[in-house]
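As you go down the protein sequences, you meet chains A and B in turn. Start counting the first sequence at 0; every next residue gets the next number (numbering that gives the first Met the number 0). Start counting the second sequence at 0; every next residue gets the next number (numbering that gives the first Met the number 0).
Simulated from the structure, these hints should not be mistaken for lab results. We treat Cβ as the ideally placed atom computed from N, Cα and C, and that holds for glycine. A few of these clues could be false.
A few chain B positions that, by computed beta-carbon distances, are all more than 10 Å from chain A [said to hold, decoys possible]:
no.	residue
1	Asp29
2	Gly38
3	Thr80
To give an idea of the chain B side of the interface with chain A (calculated C-beta under 10 Å), a few residues [to be verified]:
no.	residue
4	Leu57
5	Arg68
6	Arg75
7	Thr90
8	Trp109
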Amino acid sequence: MNPVRLALVRVLVVLTLLAGTWYVGWRWLFSVNWSSWWIALPLVLAETYALVDAFLFGTTMWRARRRPQPDPAPDEATVDVFITTYNEPVEMVVATARAAQRIRHPHTTWILDDGARPEMREAAARLGVGYVTRSEDWADRPRHAKAGNLNNALFETEGEFLLILDADQVPEPEILDRTLGYFADPEIALVQTPQWFSNVTESDPLGSQAPLFYGPIQQGKDGWNAAFFCGSNAVLRREALMQLGVVGYVREVREAVEDALDAAGRIVRRARRDATAHGPAVVAALDAVAAAVTTARRRARAGEELGSVTYDFRRAVDAASRALVDADVAQIRADLEELERMSEGGPVEVDEELGLPVVDDQSLERLAARDWSPLGALQSVDQLVRAVDVDRGDEAQPVMPLATISVTEDMATAMRLHSLGWRSVYHHETLAKGLAPEDLRTMLQQRLRWAQGTMQVFLRENPLVQRGLSLGQRLMYFATMWSYLSGFAAVVFIAAPVIYLCFGVLPVNAYGMEFLQRFVPYVVLNQLLFMVVGYGVKTWRGHQYSLALFPLWIRACWTAAANVVGGRPLGFVVTPKTRQARTGFPWRLVLPQAVAVVVLVLACVVGVVRLWTGTAGSAIGTGVNVVWVVYDLVVISVIFEAARFRAPDNHEEVAVHGDHGQAGG
Amino acid sequence: MEITARQEAEVQVLECSGRLTMVTARSLRDAVEQALGAGPPRLVLDLGEVGFVDSSGLGALISALKRARQAGGDLRIAAVTEQVRTVLKLTNLDRVLRPYADVPGARDGW
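So that you can see chain A by itself, here it is in the shape it has in the complex:
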């Protein structure tokens, strides 16, 4: 962004925020109609949400930068090109791999096939590219989708740098020449380039190109050293990822071992209560294990290395178990069978979505409440600790560099890299071309996944409180997450004018001149800012979708919260890779929006009639609300266009993939 434009943007940001704060401040202090608080309060909250959104947008744009051309790439840099695939058509992956082979800078190309398909292996062999599938370590362990795929490949390869490509992202030959130069700075861990789709029409009804995000917004984040990883079309430094993995490993082992030792103590105490009935040998054995638990916990808290703490503890449990073998054998056998049956629902559940060992309290209660034979109790203790021990038996590999806390692993990984002090770069040049969803259903599934993933990160590793991030970085990550809350505001922005036009219920004290004086400048300045920022960039689609998809955003927030807080599975939606059969207008997908449109139109008619017959309170009020309704209608209309849209049939290959973007793109 040239200096003149940046200066203009900054001026507009300041003016917009001043006008906005003046307006919203006035609203809170003087203009909320508390007697209709049930609509007035949500409305002013929604407007405050929009003001915060504007503030975050302004902050993002404040340091928007276009980086100068980097140094040429060093010849000796070794690069692994990873093409991730699960069930995309083999021909698509082959096309990408062929293009990858043509990348000029010396590199090794690998196809990472999570589907382990024999046809793909053959195709890779014919092409002469590497082929990686999950090692046997992954059998019966959480897969972690793409993050797991990449984590697995990291341990099979050796290149200093990694170029990550989705199956459909066809790279240009100069992609490495243009990006490796940035890594001369030893603190750079990531260079992200735009995602651009070659199968998108001019009007882009599905809003697939995200020119605002892969443009001013990432450039803005870049200015704050917060440009984040979008899952594809990025080059990463292996050292940074591995460091992340090692640090994460240590943290997770410590937490899990602490939890497991606590649980072990409870199991043993429980068994101890009935132990006297079984004889003095049993009592002695359980006492020995209880003492071992206490010692282990003390040593762990004192910071002693967990390797020997857990090793010594397990040996103590083994010794005590051996001492009990001579006890009541029949009882033991019965209990062990029970334990085996219960091991599906044991206290160390591995969460399907996260793969993190979770000591499940309810399960633990069940376990501890049983009348175990002493040996059974010890066996369950051993099982517990074994699962979370330093070798992380519950996971396929102990070191997982790419974050697995969310279905969108990319943003979480970038945030962790930033919090360790690494820096990132956004390189604004299209160096790979991919394929966007070609129908509404697929697009919705993709956006739902991104939204859920982002909200999962928000709830699990809130950027506002993570250690190691700068203030700018916190705001930049938070800005993306904040934008996904727009669904709630959208519902209010639809309901408020309808309620006024139909029932005359005023959410504000008056719609008179006072209101317009403050509201209009704010809106005008906001639009001007947007126009200057987005000059030459098509931003209307993104804007439409941030409101038009309100049912999706709400569902994403709701399910993500249920998942993080309540442990409910997300109902993971796999984006289909082939064109969906034409089934007529997909009403079910757009039902809420259709209802909203009908309601809005009716409200408009009713409002005008009321004005005509003199029952309406104020002409300005009706006018404002009718304009509001028309605006809402124009914005929501995009979804119907998208529902009707079918891509031109000159595509033989239809595919879906694509990665990050903010709500609305």
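Following the hints, put chain B in place on chain A, whose structure we already have.
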């Protein structure tokens, strides 16, 4: 990186020399696999001649620890150099895998 294995009582000692980095991590992995197949699964890695370790090298140590535990044994590191000690501290890995002063010290714990 060069790795030579020898057996001392119930323990196998792997003497490493060179650099443990993303390029040589594989050779450590192979050496550990071989040792676990050949003798008792208690391994001490003598890192006295290892001048440099990067994060991939640390990852290889963690994987080696996992393999040893899976085989019913354990793994310890001994005689680390200054750079290695620093890296272990920076990543907190020393809280899981303590660097012992020398091979006899590492063996004694068992």
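Margin query: Minimum C-beta separation from Asp29 (chain B) to chain A exceeding 10 Å: can you confirm that?
Written below: Consistent with the label, Asp29 (chain B) stays out of reach of chain A, its closest Cβ about 13 Å off (over 10 Å).
Checklist line | Trp109 (chain B) as an interface hint toward chain A, with CB separation required under 10 Å | finding: Holds, because the Cβ-Cβ distance from Trp109 (chain B) to chain A comes to roughly 9 Å (cut-off 10 Å).
Check: Does Thr80 (chain B) sit more than 10 Å from chain A, CB to CB?
Finding: 18 Å, holds
Margin query: Does Arg68 (chain B) hold up as a contact with chain A if the rule is Cβ-Cβ below 10 Å?
Written below: 4 Å, holds
Item checked: Status of the hint placing Thr90 (chain B) at chain A (closest C-beta pair under 10 Å) -> 5 Å, holds
Checklist line | Agreement of hint Leu57 (chain B) with chain A interface, Cβ distance less than 10 Å | finding: 5 Å, holds
Next item on the list: Would you settle whether the hint for Arg75 (chain B) is holds or violated, based on the nearest Cβ-Cβ distance to chain A being less than 10 Å?
Entry: 7 Å, holds
Notebook entry, point to check: Hey, does Gly38 (chain B) actually stay past 10 Å from chain A on C-beta?
Noted result: The claim stands: Gly38 (chain B) keeps its Cβ more than 10 Å from every Cβ of chain A (closest is about 19 Å).
Checked against the numbered hints above, the structure violates none of them.
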